[in-house]
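Asker: Sequence:
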Amino acid sequence: MPTPSSRWRPSNGPRVWFGPDTAAIRGTRLDEGRVGGRCATCAPARREPVDTLCPHARSPARFRPESGAAALLGRRIRMNPSVMELIERGWAERHRDPGQTQRLGTEALSLAEALQDRAGIGYAQRNLGTAAFFTGDLRAALDHLGHALTLARELGDLTLERDCANFLAGVYSSLYNYDRAAESCLRALELSRTLSDPVGEANAYANLGVIHVETRQYRAALPYLQQALERQQRLANAAGVCNAAQNLTECHLMLGEVAQAQHSGELTVTVARQIGFRRRELETLSKLGKIADALGEHDRAAELHQQALKGVSGLQVPESEIWVELEASLNQLALGQLDEAGRLLEQARQRAEDSGLSALLVEYHRRMATLERRRGELEAALDHLERAHRLERSLLDQEVQQRSNALMIQYEVERVKAEAELYRLRTVELAQANAQLERANQEKSALVAALEAQSLALERQLREDALTGVYNRRHIEVVLQEVFRAQQRAGRPLTVVMADIDNFKRINDTCSHPVGDQVLRQVAGLLRDGCGPHGTVARYGGEEFLLVLPDSTREQGLALCERLCQQVQDFDWSTLHPHLRVTLSLGLSARGDVPNHEKLVAAADERLYEAKRAGRNRVAG
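Using our numbering, read the sequence shown as starting at 4 and increasing by one per residue.
Simulated from the structure, these hints should not be mistaken for lab results. Do not rely on the hints blindly, as some may be mistaken.
[Said to hold, decoys possible] The list that follows gives simulated cross-link-like pairs (lysine-lysine, DSBU-like), each with its CA atoms no further than 35 angstroms apart:
#, residue 1, residue 2
1, K602, K615
2, K602, K447
3, K447, K508
[What the hints assert, rightly or not] Quick list of the computed label-pair ranges, beta carbon to beta carbon:
#, residue 1, residue 2, range
4, A456, R156, 48 to 56 angstroms
5, D302, L385, 29 to 37 angstroms
6, Q569, K602, 23 to 31 angstroms
7, S199, R442, 35 to 43 angstroms
8, A562, A469, 30 to 38 angstroms
9, S448, A223, 23 to 31 angstroms
Quantities reported herein were computed from a predicted structural model and do not represent experimental measurements. Where a beta carbon is used, it is the ideal one built from N, C-alpha and C, also for glycine.
Modelling step: build the complete structure from the supplied sequences, incorporating the hints.
Answerer: What follows is the structure, given as structure tokens:
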């Protein structure tokens with residue numbers, strides 16, 4: 004069974020994930036109940052990595068665990084009073100003592116089944132699924148929550164259905180099934196709106212954002228996280244604001260949006276201080292130091308790193324201490340303090356080994372490689388890089404195995420459910436016929452789904468360039484032909500640009516073909532991002548790219564090309580190779596008097612050669 008604590012992900016610092024209360028910390032299990040009169044999300048917590056979604060998003064005015072019986076009655080649910088009492092007692096203990104929730108849930112289920120109390124059975128199954136989820140028994144969680152969800156839909160109980168959707172999102176996320184997790188989150192969002200539950204809406208947006216972060220879709224995560232932040236601010240929920248701001252900080256950092264990351268990071272620190280969330284404050288101070296380093300403000304960064312280092316030592320949370328030390332070491336490298344950087348890295352290594360945090364040892368070796376290069380010890384640097392690679396390979400192998408196990412869990416649960424349903428159907432005269440029809444439909448659906456998946460994969464292979472991920476020549480010519488005709492009919496402008504990487508053969512010869520491949524991928528990405536949502540980019544052949552810009556005049560096209568040319572020149576190519584320099588030549592044509600798209604491309608190609616003859620790294624049009 005996969006446990007979220009053992010997952011390997013490329014590490015860039017502790018990320019925020021949403022857990023047992025309104026919002027929790029990814030990589031952290033919060034202490035149960037309330038600490039010092041405030042929610043556990045606001046208090047420093049012991050470090051046990053987990054990955055769960057927020058499974059109890061509900062309005063505190065309506066659905067307070069400590070007054071659950073009144074809440075159930077307020078929703079006019081017909082339930083035996085004795086069953087209700089057991090369910091509410093168990094629900095109130097779900098964070099503090101999941102084992103007690105399980106014991107009370109088992110008792111409630113037995114009594115409800117004896118009384119044929121369907122609502123009681125549904126809520127008892129929900130409680131048992133909750134307890135299984137919090138104790139890591141994902142197979143049992145899927146089973147119980149599946150039964151509860153079925154009953155919720157049969158009874159028309161939207162609150163029970165929403166609770167099940169929230170918990171199932173957490174289970175599917177822990178099983179790496181992010182599509183199902185997102186589907187459950189969207190259903191929880193829809194139900195929260197129907198129930199007029201603003202807290203549930205805020206949590207659903209936050210959880211959708213986190214799912215996109217988990218799948219590295221950082222740009223797609225931003226609108227969800229921004230919606231979560233705005234809603235938590237309107238609700239005056241400081242813990243929710245803190246967590247949403249921290250998630251936004253992480254996303255902006257991954258996207259290289261330093262100013263936005265700084266803004267949300269400062270908000271995180273401010274709110275964390277207000278609610279006494281010391282750990283979040285210190286971890287984010289470290290990130291703000293990283294941001295200051297990125298802005299070249301190394302002295303200010305050093306102050307922030309020192310604040311984080313001084314405070315984090317008192318938390319007794321090894322992972323946080325290690326991350327703060329790792330980030331501070333980079334600051335010391337930037338300041339030229341190599342010995343201090345080495346001391347911090349050695350402390351981080353010792354803590355990581357003592358705590359069994361192999362993923363952080365990968366980061367240690369990477370930073371040590373940087374330090375050794377600065378010292379001129381190239382063999383030592385290479386040794387650290389090789390160690391990092393071996394560790395990372397081992398961790399990725401573990402994750403592959405865990406994903407396989409997760410699929411087996413889902414398959415086993417679904418198989419058991421299917422067998423139980425078949426047994427039930429066999430108790431009536433038409434059971435055999437119904438079972439055969441259901442199996443036939445399932446097989447047909449599976450076959451159709453497999454064929455659709457194959458068709459989509461083949462279609463993608465036919466239209467995309469395998470190396471760069473942009474369109475290939477065959478597909479762009481089809482697209483351009485259609486666009487050319489449409490623009491001519493509408494009397495609207497069309498600009499075509501031919502771009503070529505300057506001296507690409509020399510890059511391959513001097514820096515190696517793998518570096519050349521990386522250059523092609525990076526240039527393709529810069530062109531795709533620079534063209535915006537309405538432009539289309541394709542690899543036309545070798546190091547040539549074709550850009551199709553509908554509704555762009557010659558002047559607009561020239562301005563865009565100048566920006567692209569400058570962006571390629573200004574990109575930090577030393578990240579790929581120390582002495583690498585890449586420039587781009589671009590030829591543009593916006594002629595409206597050509598008879599077909601081939602002539603338009605030919606005209607752009609002529610302009611490209613003009614740019615080459617004029618000295619390269621320029622635009623001709």
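Asker: Now tell me, hint by hint, if it's right for this structure.
Answerer: Hint check:
Between K602 and K615 the CA atoms are separated by roughly 20 angstroms; this keeps the pair inside 35 angstroms, and the hint holds. Of the pairs offered as hints, the one joining K602 and K447 is violated, with about 48 angstroms between alpha carbons and a cut-off of 35 angstroms exceeded. For the given pair, K447 sits about 52 angstroms from K508 by alpha-carbon distance, which is inconsistent with the 35 angstroms threshold. Between A456 and R156 the C-beta distance comes to about 28 angstroms, which lies outside the given range of 48 to 56 angstroms.
The hint said 29 to 37 angstroms for the Cβ distance between D302 and L385, and at roughly 32 angstroms that hint holds. About 29 angstroms separates the C-beta atoms of Q569 and K602, a value consistent with the hinted range of 23 to 31 angstroms. For the hinted restraint 35 to 43 angstroms between S199 and R442, the CB-CB distance of approximately 42 angstroms keeps it satisfied. A C-beta distance of roughly 32 angstroms is found between A562 and A469, which places it inside the suggested range of 30 to 38 angstroms.
The hint said 23 to 31 angstroms for the Cβ distance between S448 and A223, and at roughly 28 angstroms that hint holds.
Checked against the numbered hints listed earlier, the structure breaks hints 2, 3, 4; every other hint is satisfied.
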